[in-house]
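Colleague: Now for the letters of each chain:
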Amino acid sequence: MSVVFALWLRQIKRHFRSRTRLIGSLGQPVLFLLALGFGLGPMFRKAGEGDYLQFLAPGVIAMPILFVAVFSGMEIIWDRQFGFLKETLVAPVSRIQIVLGRVLGGATVAWFQGCLVFLICVIFGFRINNILFLPLALGVMFLLAIFCSAMGTAVASLLEDIQGFQMMMNFLVMPLFFLSNALFPLKGVPPVLRVVIQLNPLSYGIDGLRCCLTGGMLHGLGVDMGVLLVLITAMLALCTWLFSLIQL
Amino acid sequence: MIKVSGLIKDYGTIRAVDNVSFDVAKGSVFAFLGPNGAGKTTLIKMLTTILRPTGGTMRVNGHDPVDDPDEVRRTFGIVFQDPSHDEQLTAYENMDLHGVLYAVPSVERKRKIRELLEFVDLWGRQGDIVKNFSGGMKRRLEIARALLHEPRVLFLDEPTLGLDPQTRHHMWAYIKGLNKDKGVTIFFTTHYMDEAERIAHDVAVIDHGKIVARGAPVDIIKQTGSSSLEDAFIALTGHDIREEEGTTSDRVRLKRAFWRRR
Numbered sequence: 000m001s002v003v004f005a006l007w008l009r010q011i012k013r014h015f016r017s018r019t020r021l022i023g024s025l026g027q028p029v030l031f032l033l034a035l036g037f038g039l040g041p042m043f044r045k046a047g048e049g050d051y052l053q054f055l056a057p058g059v060i061a062m063p064i065l066f067v068a069v070f071s072g073m074e075i076i077w078d079r080q081f082g083f084l085k086e087t088l089v090a091p092v093s094r095i096q097i098v099l100g101r102v103l104g105g106a107t108v109a110w111f112q113g114c115l116v117f118l119i120c121v122i123f124g125f126r127i128n129n130i131l132f133l134p135l136a137l138g139v140m141f142l143l144a145i146f147c148s149a150m151g152t153a154v155a156s157l158l159e160d161i162q163g164f165q166m167m168m169n170f171l172v173m174p175l176f177f178l179s180n181a182l183f184p185l186k187g188v189p190p191v192l193r194v195v196i197q198l199n200p201l202s203y204g205i206d207g208l209r210c211c212l213t214g215g216m217l218h219g220l221g222v223d224m225g226v227l228l229v230l231i232t233a234m235l236a237l238c239t240w241l242f243s244l245i246q247l
Numbered sequence: 000m001i002k003v004s005g006l007i008k009d010y011g012t013i014r015a016v017d018n019v020s021f022d023v024a025k026g027s028v029f030a031f032l033g034p035n036g037a038g039k040t041t042l043i044k045m046l047t048t049i050l051r052p053t054g055g056t057m058r059v060n061g062h063d064p065v066d067d068p069d070e071v072r073r074t075f076g077i078v079f080q081d082p083s084h085d086e087q088l089t090a091y092e093n094m095d096l097h098g099v100l101y102a103v104p105s106v107e108r109k110r111k112i113r114e115l116l117e118f119v120d121l122w123g124r125q126g127d128i129v130k131n132f133s134g135g136m137k138r139r140l141e142i143a144r145a146l147l148h149e150p151r152v153l154f155l156d157e158p159t160l161g162l163d164p165q166t167r168h169h170m171w172a173y174i175k176g177l178n179k180d181k182g183v184t185i186f187f188t189t190h191y192m193d194e195a196e197r198i199a200h201d202v203a204v205i206d207h208g209k210i211v212a213r214g215a216p217v218d219i220i221k222q223t224g225s226s227s228l229e230d231a232f233i234a235l236t237g238h239d240i241r242e243e244e245g246t247t248s249d250r251v252r253l254k255r256a257f258w259r260r261r
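Here the protein sequences come in this chain order: A and B. So the first sequence is numbered by numbering that gives the first Met the number 0: it starts at 0 and just counts up by one. So the second sequence is numbered by numbering that gives the first Met the number 0: it starts at 0 and just counts up by one.
Keep in mind that the hints were calculated from the coordinates and are not lab data. No false leads were slipped in.
With a cut-off of at most 30 Å between alpha-carbon atoms, the simulated DSS-like pairs for lysine-lysine come out as follows:
{"hint": "1", "chain 1": "B", "residue 1": "Lys-175", "chain 2": "B", "residue 2": "Lys-109"}
{"hint": "2", "chain 1": "A", "residue 1": "Lys-12", "chain 2": "B", "residue 2": "Lys-130"}
{"hint": "3", "chain 1": "B", "residue 1": "Lys-137", "chain 2": "A", "residue 2": "Lys-12"}
{"hint": "4", "chain 1": "B", "residue 1": "Lys-2", "chain 2": "B", "residue 2": "Lys-175"}
{"hint": "5", "chain 1": "B", "residue 1": "Lys-130", "chain 2": "B", "residue 2": "Lys-111"}
{"hint": "6", "chain 1": "A", "residue 1": "Lys-12", "chain 2": "B", "residue 2": "Lys-109"}
{"hint": "7", "chain 1": "A", "residue 1": "Lys-12", "chain 2": "B", "residue 2": "Lys-111"}
Required output: the full structure, derived from the provided sequences and hints.
Modeller: Spelled out as structure tokens, the structure:
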């Protein structure tokens, strides 16, 4: 059993043993789906933009992926506080193996939570345009999860205590989600906001997902996946470097 | 086995370890003693590759912890002062994960895990989540885990903290056996001076980051004209209580946080 697999498995076990995590991360997306999806739906339709639920669902599916993956990456802070980080730091394994195990573990649980929200969206009336694109959509979800998990790991490698968690929430996770194409279409938004949204990595994941599930797109699936792959490579390199600098 | 020369560690303007030099012979039991915040844990962290020194040199089993950390990591086991297991995993899973990290082959891993968990009297609880263990049980698990990959050097930072006398006795008997039968070099810190006096071949006393005495326990007792190692320790380090001060790095972190807030 390889080191990467063992650390991946640890993340999976930790996630599935915590019922509060499993259920808790579903609350917010379901709330968005109900409040926004059904609340703003009539206005969206009146404005001639079609069914808002069809537009919103990919954004809502991306929500638990972003939140759970970033927080899984941030478990480094908990491991630092409660000691497990020392166990991995003194082990005779390369830092890249440790980072890969952690990132892939975090990405897998985030992807799983995203799949659960996907099912909830279908229950609430979301319809997939072409079922043949479903595997591709699941792939885009996993790429997005890897990027978010690596980003969480990178930032958490810089933080020393749990107080940094709130800062991460307010200055990284929330802006990433709200300043993306998750909740509203780009048509008619102010140019500055449009630029910000187009620079936001999450927008490429959501656009790729929307492209696979509903056919609507901003950049096209090839561009979205290409950008995600480049960002994943850069973020993995960055978080491995930052992780290797950790001293206790 | 361990060679430290002119070792220095600074945290900002605070010098936690100040020009420390000593050798630990292969197969010996070495006690590193000092009051709280004296620099013991900082030194162990440097020897075990999780902290880089500011100056000086170190060798552990012939390898440099700074230049060749993976080679050093392969040779030692460690029981940290604070817990370092995963509370959400079972005792067996914690042991197994450690075995994978140290590339212990699967069959041997299973055998050793059972043997060690039986030794620390936790085999009956091997499938239980560690979060539900008592402090003593967690400590026993840490000790068992450190021995899983049969290290050549064993660092023990306050290993018997929170253990009852029976378990302490049992644990030291096993560690002495490891040292005698397998030639494992033992490097430990403790606040129980009777343990150091009884078990260590050699002792170093550190205070304010500097070594203030070095030698066999009997020699240190003689040098200070004391009747026990505990009296000798107090004669060397004074009567001031340092219990509530925290470690040097804690103090530096507090200072950093204070200045950030300003």
